[in-house]
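So the sequences go chain by chain: W and X.
Per this note's numbering, the very first residue in the first sequence carries number 1055; after that it's consecutive.
Per this note's numbering, the very first residue in the second sequence carries number 102; after that it's consecutive.
Mixed in with the good hints there might be a few duds.
Stated by the list, open to error - Covered by chain X, per the in silico footprint, the following chain W stretches (three or more residues, Cβ under 8 Å):
| id | region |
| --- | --- |
| 1 | 1116-1129 |
| 2 | 1353-1366 |
| 3 | 1410-1422 |
Derived by calculation from the structure, the hints in this document are not laboratory data.
Treat the numbers as computed from the prediction; the structure is a model and nothing was measured.
From the three backbone atoms N, C-alpha and C, an ideal C-beta is built for every residue, glycine too.
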Amino acid sequence: MSAALQERLEAVWRTPPGLRALSGVNHSTVGLRFILTGFVFFLIGGVLAMLVRSQLSFAGNTLLTHHEYNAAFTLHGTAMMFFFAVPIMQGFAIYLVPKMIGARDLVYPRLSAFGYWCYLFGGILLFSSVFVGQPPTAGWFMYVPLSSRPYTPDLGPDFWLLGITFAEISAVASAIELAVAILKTRAPGMTLDRMPLFVWAMLVTALMIVFAFPPLILGGILLEVERAFGLPYFDTTRGGDALLWQHLFWFFGHPEVYLIFLPATGIVSAIVPTFAQRPMAGYRWIVLSLVSTAFLSFGLWVHHMYATGIPLLALSFFSAASLAVAIPAGIQVFAWIATLWNGRPVMSVPLLYVLGFIFIFVLGGLTGVMLAMVPFDWQAHDTQFVVAHLHYVLFGGMVFPLLAGLYYWLPLVSGRQISKSGSRLAFWLTFIGFNLTFLPMHVTGLVGMPRRVYTYAEGLGWETLNLASTVGGFLTAVGIGAFLIDIVLSLRFGKPAPRNVWGAGTLEWSIDSPVPSYNFASQPVIEDREPLWRDAALAERTQRGEFFLGDVKVARREMLVTSTRAAHPDHVVVLPGNTWIPLVAAVFTGFFFLGVLLKTYWFAALGLFLATGAFVLWAWRGGRDPDPYAVDIGDDRRLRLHYANVRSPGWWGTALALAADATLFASLAFAYLFLWTVSPEWPPAARTLGWIGPAVALALIAMSSAALFLRAYGTAIALALIGGAVEIAALVTTPLSATRHAYDALVITIWIFALVHLAIAVLMAAFVKARGSNAASTVHHRAEPAVTALFWHYTVAQWAVAFVVVHGFPPLALP
Amino acid sequence: MSQGTSKKRSAQAGCASLALTGCGGIQSALDPRGPAAQALAELSWILFCAAGAIFIGVLLLVGYAVYRDPGKRRPISSTALIVTGGLVFPAVVLTALLVYGVGITGKLRAADREAHLEIRVIAHQFWWEVLYPGAGPGEYAATANELRLPHGRPVTVRLTSRDVVHSFWIPNLAGKIDMIPGRVTQLTLEGDSPGFFRGQCAEFCGASHAHMALEVHVLGEAEFERWLASLRGPTRSRDDPAAAQGRDAFLAQGCGNCHAVQGVSQPRIAAPDLTHFAAREFLGAGVLRNTQANRLVWLTDGERVKPGRAMPSYGHLDARTLAAIADYLGTLR
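Generate coordinates for the entire structure from the input sequences, incorporating the hints supplied.
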């Protein structure tokens, strides 16, 4: 029975072998791809760091030119932040979260696969700049106007902006998917209060990404448009402002730090209880601190801008918020200490790395408190002190937990035990090397050495300190090398690992290793935070198929969708199998970015058209099934399938995507209002926007919402098209010139933004109409009309806000 | 030195033994030579000592929790530990810090209003245009890449940028503040006693960001007034045939199209004012000492010592012309 079931499930769920594996969408496959690719970018970033350190070994060193050095530090930061830290943590989550919450896969397997390809292609696009000799050199923060075309006329910033934006599709897509998976597909009985803390950390992180990335995406689009077409969003001489970029960048940039750090704390909170042999102390305190860190992280972006001359009151506010964020971090640290204190700690390798993390991270946190103090920051800002601080919090706060996590979960993935001595040698080399690099660097900064200088003069007292940092840097590199060798040897020669090799309590350890593609032969019922400690037989019973969805006749990928808080079974989602569509769609999306980069706009348009086609095909092939609309999940219960549900996983995902989109639009509105407040003249003289045409357009579009509500899809589409045409006519007849003034540029941008949304809404409605899902009689196909309606009404609301921003504010400014 | 200052110095000395290396230097935040930098250094040492104590405390707790024989540990309530260590203690310390920090911030900003002298500094890639008040209202006296201040008197510096974002930082005297195109920021500088310091651009500004330094001289009151008077006057170049030959070459090669020498050239493009060039210790914004040999290097091989500078290289000129120009520049006092 149990062998037959497992064989059947494997046949349904497995990723095909050979080259066809590229069509695989299973979360284990995709998660490992993310982790492996992220590690490759980590090594690339590490090599760049070694170049930087080599150049700074001696005063006046000439190993690198200024151009090479600037490219090296720009690409080092970019690789580590965008192509290593965020994606590898998402890889961990993609791989582990379903296993921890008792699910068989993530909710949108094709989206995971698509996200991976976007990440990989975005990275290749960005790093290809090195091979054409035009790498970005304006820093990973790309401050304008240095990154604007007059000061950097080559393609470097374009490579950066487009590569990053391409890869960010992946970050946002994975975040939405993880959030929905965590909220809607936990095993029955796994209430929010019983979720492993790593899952909590990923939920918070995913929601943060949804709100943190859009401002940067918007900034990236605006800067690319400014560079390519001359729209002056950031150009002071034409109504723009250089600080607008800094606000958009750091509104993303500071949460970014925490959305790297929070998953790492989740890893620590998974490891500490296992090796303390005791449940995590202060579970609710940790959840509280995760959530409050997330909130605070959005309120302290200005601490990167203390030296820009902002008013005292604002400085004090942001200083308070920056100091306050130390409190949730402190709560987590003391919860780990309390767990160890009250447990019986086993000093195994993952715990050793965790202790290294605590040592480094606490120091980084303390220097963070110093930098949160405005006056201290006025001295330390943009010096080597900050370089030291950020590496303490990021390398200490993220890389050490990452290495701990890799050692911790490696036996689960590979079925082999880790080494005893190689892993400890790697730890000590990395730990000593790291501290030797960055501890002296605090002093280097305070005795006057700025950041981002490719050389320095003799006699300023920086030589010895820099040499020590370089020696430490290479020692760290040797440590990472030892880690790699050790991992390879463990995979090759490690002793076979039994199931649950560490005696942990969370659900992922109930799975056999190496891991089967479907994770769980049946979806278990959870009654505790550490289900394996509570019920030693749970693993066996799950794999024998005793719980839900353990039917041996299964022929498609089925998984439970449960209620958000209490995790009661609600319906069953049928997941798509392996498909080439995500790869094809990502390649076409790549055409678009390549076309924009090379300013070959017909090619970009072609890419966009083909990618849209791929997405339509993607949607067409999913979501409907001629089979019965309900299935037997075991235990004499029948549940409906997801496409017969209004609140399907697709609806939740769309809602989150719209939250991200609303943030994108809010960032655009912020840009408009920010420039209004700093601009001496807004709108500039001789601009009178007619509001009658736009008002008519708005009325028509509002009516389309009503039509859609009444399921009159044809009427709704017609009204939207006429409304859009009226708006375009109004725009064309207005005396605006996109390149003359930032006001004109932003008004046009806002309306293009709204029109693009309208076009997508029309496409979605046409799709539903073509499938016939809009008819009132098709009660079994409620998912697609629900998603379309959500998007449509949102678009109309956004249109109304756009109208108010463009037409409602300027009259207020006029006397 | 006032009594208050000496008290601060002794407080600082108490912590100085923690320093790993010499903190002194002409570009060091830990060797404060003015009241603003003094307040910041004092704050720094308080932060270092407190952070060190907290760090050691946390390590001791972790060590106890991990290595102490579990049978012999004192039992502890998890919640009590979390609330005390993670919530109450940091809340108290951080609130105290915030109050202290906001106090210093406010005091430093308030100092902006007390200054008697106002200097304008305009950043360019990769040099500093420095404008002192001229003899009459609305006039100014220009120099570049040097800042001279009278000791013991607060001076307001108003800052902006002509191109990209730069940052103005003289660590021995005060913290830094950005120089942003289209905006004006300001900072109060005051030096305790005469001395020589080095400032440097602290915001990444492109190719020669590393080569954008500023020589800072804090002078005695009388010396400063003498210097300012000479700055306001025309150049006092030697009046001999060699200097005249150099001046003619300077003009013939088009140097005057960018560089102002009062009474000699009126440029259309902004470049460092050379009217009193010979009085500066460095050339190229701190890149080289201002000697005859280095002036020749600058004229012929400047792209090597300062990549990305706007000035073209004059390596194609014959040695005599180069020497004449370099020599002439050395006479501009």
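Per the coverage rule (Cβ-Cβ under 8 Å, at least three residues), is the region 1353-1366 of chain W covered by chain X? Per the Cβ count (4), the hint holds.
For the region 1410-1422 of chain W, count the residues whose Cβ lies under 8 Å from any Cβ of chain X; is that count three or more? holds (count 6)
With a Cβ-Cβ cutoff of 8 Å, does the region 1116-1129 of chain W contain at least three residues near chain X? Satisfied; 4 residues make the cut.
Hint compliance for this structure: every hint is met.
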